[in-house]
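587 is the number of the first residue of the sequence shown in the working numbering; add one for each residue after it.
One or more of the hints may lead you astray.
[What the hints assert, rightly or not] Below, simulated DMTMM-like cross-link-like pairs (lysine to aspartate or glutamate); rule was C-alpha separation at most 20 Å, straight line:
hint, residue 1, residue 2
1, 701, 753
2, 692, 768
3, 692, 753
4, 731, 756
5, 701, 783
6, 769, 813
7, 692, 748
8, 819, 809
9, 692, 756
10, 692, 809
11, 731, 809
12, 700, 748
13, 769, 747
14, 772, 831
15, 848, 747
16, 772, 813
[Claimed, not checked] Label-pair distances were calculated between CB atoms; the ranges are:
hint, residue 1, residue 2, range
17, 821, 692, 18 to 26 Å
18, 757, 804, 13 to 21 Å
19, 775, 747, 38 to 46 Å
20, 745, 862, 30 to 38 Å
21, 841, 693, 35 to 43 Å
22, 746, 802, 35 to 43 Å
23, 885, 693, 40 to 48 Å
Quick caveat, the hints were computed from the structure, so don't treat them as lab data. Treat the numbers as computed from the prediction; the structure is a model and nothing was measured. We put the beta carbon where it would ideally sit given N, CA and C, even for glycine.
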Amino acid sequence: MINGFSANSNAMYYKGDQFGAHVVKDAGQRQMALADPVTASSNPSAPSSNEIAALMQALAMLIQMFNRLFSRKEVVNEQPVMPQTVAPAAIKKQSHEVSIQSEPQKLAHISSTKKGEMPTDVWVELNRDKRYTDNESAIKAAMMKYGQSPLGIYSAIENHDDGYHIEMRDGFKLTLSPQEIEKSQKRTGIWSPSHPDMAMDVNFMHAASIKRVQLETGLASFDHALDVVQSGKDVGNGFKRLGLEAYVRRTTWPELRASGGKGVVLAPGGVQFGYDGNVDCCSRRSGITIIRTKGGPKEPYPCDALELT
Numbered sequence: 587m588i589n590g591f592s593a594n595s596n597a598m599y600y601k602g603d604q605f606g607a608h609v610v611k612d613a614g615q616r617q618m619a620l621a622d623p624v625t626a627s628s629n630p631s632a633p634s635s636n637e638i639a640a641l642m643q644a645l646a647m648l649i650q651m652f653n654r655l656f657s658r659k660e661v662v663n664e665q666p667v668m669p670q671t672v673a674p675a676a677i678k679k680q681s682h683e684v685s686i687q688s689e690p691q692k693l694a695h696i697s698s699t700k701k702g703e704m705p706t707d708v709w710v711e712l713n714r715d716k717r718y719t720d721n722e723s724a725i726k727a728a729m730m731k732y733g734q735s736p737l738g739i740y741s742a743i744e745n746h747d748d749g750y751h752i753e754m755r756d757g758f759k760l761t762l763s764p765q766e767i768e769k770s771q772k773r774t775g776i777w778s779p780s781h782p783d784m785a786m787d788v789n790f791m792h793a794a795s796i797k798r799v800q801l802e803t804g805l806a807s808f809d810h811a812l813d814v815v816q817s818g819k820d821v822g823n824g825f826k827r828l829g830l831e832a833y834v835r836r837t838t839w840p841e842l843r844a845s846g847g848k849g850v851v852l853a854p855g856g857v858q859f860g861y862d863g864n865v866d867c868c869s870r871r872s873g874i875t876i877i878r879t880k881g882g883p884k885e886p887y888p889c890d891a892l893e894l895t
């Protein structure tokens, strides 16, 4: 107990602020008064071992009581520790933006002529070895409609390891290798010392047209397709080979001449480029070719024509 306690029958008792004697009875019913602290200190032989043990136990209990009192005070005065919120480390966002080049990728087999830019001289002589002009005539008409560069005539051109991936306006796709482009130039001889850029673009589209013939007809090689086109067995399909068949209407040379439109004339001597009332006669601008005489004024020969709309 805190206020008044006894450890056992032979112990001192504590009451208030002093120790007092505790009377016990021995086995023979004799009473023996335990000495008070002053008497015990003057007579060392007076306290017994039980009394000392009781005193030590009481002292230990006092110390324990004081420890409880002081520990309770510390707990009361202790300030609660508030948890601190630690902001997560800022996550650095990785940039996935693709840099946009201000200029298109340069393609080795296409001239640097800007997309949509018209030819300087569409009537230029291209020094062909042979007079098979079906593809060339359609290409010239397309140049006067969409510009000289193949980038404006086709829907897309991409350069890859296996060659140029070309998508035409009608959705037809093909892959044209640099070797096939060079082979086309050697077989046709398309070239112009005065306008090399235009000759380069004409040859590129001519090679792409030959490649389309090979794929659509199932020919075994690019050379075989060149033979078919140059033999004149596929006349009048130049616009189809360029992917422009849906942009063409059938007309006559007199109508094309009168309207000044751009297209090709299916003349008896071969396919010729027609534009602004003139035709490409041996790569020369002419306004009086393809005519017939009825015993009077000369008139344009009423042959068929295809106009690029």
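Right, here's what the structure says about each hint:
1. 701 with 753: holds (16 Å)
2. 692 with 768: Judged against 20 Å, a Cα distance of about 18 Å means the pair holds.
3. 692 with 753: Holds, at about 18 Å.
4. 731 with 756: Roughly 16 Å between the alpha carbons, so the hint for residue 731 and residue 756 holds.
5. 701 with 783: holds (13 Å)
6. 769 with 813: holds (12 Å)
7. 692 with 748: holds (17 Å)
8. 819 with 809: The hint holds at about 15 Å.
9. 692 with 756: Cα-Cα ~25 Å, so violated.
10. 692 with 809: Violated, at about 28 Å.
11. 731 with 809: violated (30 Å)
12. 700 with 748: violated (25 Å)
13. 769 with 747: holds (18 Å)
14. 772 with 831: Not OK: residue 772 and residue 831 at ~28 Å, beyond 20 Å, violated.
15. 848 with 747: violated (36 Å)
16. 772 with 813: Judged against 20 Å, a Cα distance of about 13 Å means the pair holds.
17. 821 with 692: 18 to 26 Å: Between residue 821 and residue 692, where Cβ atoms are some 35 Å apart, the hint is violated.
18. 757 with 804: 13 to 21 Å: holds (19 Å)
19. 775 with 747: 38 to 46 Å: violated (29 Å)
20. 745 with 862: 30 to 38 Å: holds (35 Å)
21. 841 with 693: 35 to 43 Å: holds (38 Å)
22. 746 with 802: 35 to 43 Å: The hinted range 35 to 43 Å is violated for residue 746 and residue 802, with Cβ atoms some 22 Å apart.
23. 885 with 693: 40 to 48 Å: holds (45 Å)
In this structure, the earlier hints numbered 9, 10, 11, 12, 14, 15, 17, 19 and 22 are contradicted, and the remaining ones agree with it.
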